[in-house]
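Given the structure of chain W, go ahead and fit chain D onto it with the hints provided.
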Amino acid sequence: QKEVEQDPGPLSVPEGAIVSLNCTYSNSAFQYFMWYRQYSRKGPELLMYTYSSGNKEDGRFTAQVDKSSKYISLFIRDSQPSDSATYLCAMSAGYSSASKIIFGSGTRLSIRP
Amino acid sequence: GAVVSQHPSRVICKSGTSVKIECRSLDFQATTMFWYRQFPKKSLMLMATSNEGSKATYEQGVEKDKFLINHASLTLSTLTVTSAHPEDSSFYICSAATSGRAPNNGEQFFGPGTRLTVL
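The listed protein sequences derive, respectively, from chains W and D.
The opening position of the first sequence corresponds to residue 1 in the working numbering, with each subsequent residue numbered one higher.
The opening position of the second sequence corresponds to residue 1 in the working numbering, with each subsequent residue numbered one higher.
Looking at chain D on its own, in the form it has when it is part of the complex:
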């Protein structure tokens, strides 16, 4: 099956610093990548959708200047949490989606997640 990796898997940083998280599709090209945030015992909340070479589309309530998304290639997207604060501590999960024609209209594959702790 398709594999999506995230790096780092865990990061601890001081308040005010910026953190970059990478999401890679290892064995397929992803037309679209998604970034989610998950609080403990809560569901995945979609933060933004990004297509290669274009600006990301952010969900309502997500600060685009706070969470910078770059989708430079069909296999790599990055999420940068700028000037991180303790309330940004969360589990960040990316996914990469393939495209396809019916009956296989594509599928979204999830990365293993990155746990961010801001002190």
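Next up, chain W with everything else stripped away, as it sits in the complex:
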């Protein structure tokens, strides 16, 4: 069993739709949760991070963590074609992204105009 599971997609939705991306994990030591966005042939960029359980909102993006279920989600509201990318969930047992990170396999997202 992989430490982090993520549906690779691809996921295609029309512009303006709400997108839901999810990951599950097995290591209960994880406490720092991140979502990265990666465009083709580029390095990943940090979108959002959450420490422990709870919700966090930043503009059109909302990250949720449920440690009891070992389940994290990223919601994108009013999706735009520019949101088309691969989204990677990532987790760490440390207190920040400066620690060793385990990535999910990434979900390819396409927003249709």
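Keep in mind that the hints were calculated from the coordinates and are not lab data.
Please read these numbers as outputs of a predicted model, since none were measured by experiment.
Possibly wrong hints are sitting among the right ones.
Claimed, not checked - If you only want the chain W side, here are some residues facing chain D, beta carbon under 8 Å, derived:
#1 P8
#2 Y39
#3 K42
#4 P44
#5 L88
#6 A98
#7 K100
#8 I101
#9 S105
#10 S110
#11 P113
To be verified - Computed cross-link-like contacts, BS3-like style, restricted to lysine-lysine with a CA-CA straight-line distance of at most 25 Å:
#12 K100(W) x K56(W)
#13 K42(D) x K70(W)
#14 K14(D) x K2(W)
#15 K100(W) x K2(W)
For glycine and all other residues, C-beta sits at the position ideal for the given N, C-alpha and C.
Showing chain D alone in chain W's frame:
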């Protein structure tokens, strides 16, 4: 924001040659640098963690004699793929991490990646 560069961005080499990839933190000092490998449509797999002035810590299954990592300064780490073979063709990404005190406990910043093709 913090910038991490990689050089070269793309390299094509013949089988049996060695290739060196540089990773630099341009506007900050990185206490730790990480090297990842990413196959097409796959996730980033951590290869090794390196701290300035000390030997790198390799993940299980990564050959340290094959992938030589040098972290000579707080702004530069290099990955050398020795005697490269076609199966080493991949996208190699480095990251540089800052340290910090709570509530900012540091962050990992990623480079743009280097695409290696071994013929």
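Checked hints:
no. : hint             : result
1   : P8               : 7 Å, holds
2   : Y39              : 10 Å, violated
3   : K42              : 6 Å, holds
4   : P44              : 5 Å, holds
5   : L88              : 6 Å, holds
6   : A98              : 3 Å, holds
7   : K100             : 6 Å, holds
8   : I101             : 7 Å, holds
9   : S105             : 4 Å, holds
10  : S110             : 14 Å, violated
11  : P113             : 23 Å, violated
12  : K100(W) x K56(W) : 22 Å, holds
13  : K42(D) x K70(W)  : 22 Å, holds
14  : K14(D) x K2(W)   : 34 Å, violated
15  : K100(W) x K2(W)  : 16 Å, holds
Taken one by one, the earlier hints fail for this structure at numbers 2, 10, 11 and 14, listed in ascending order.
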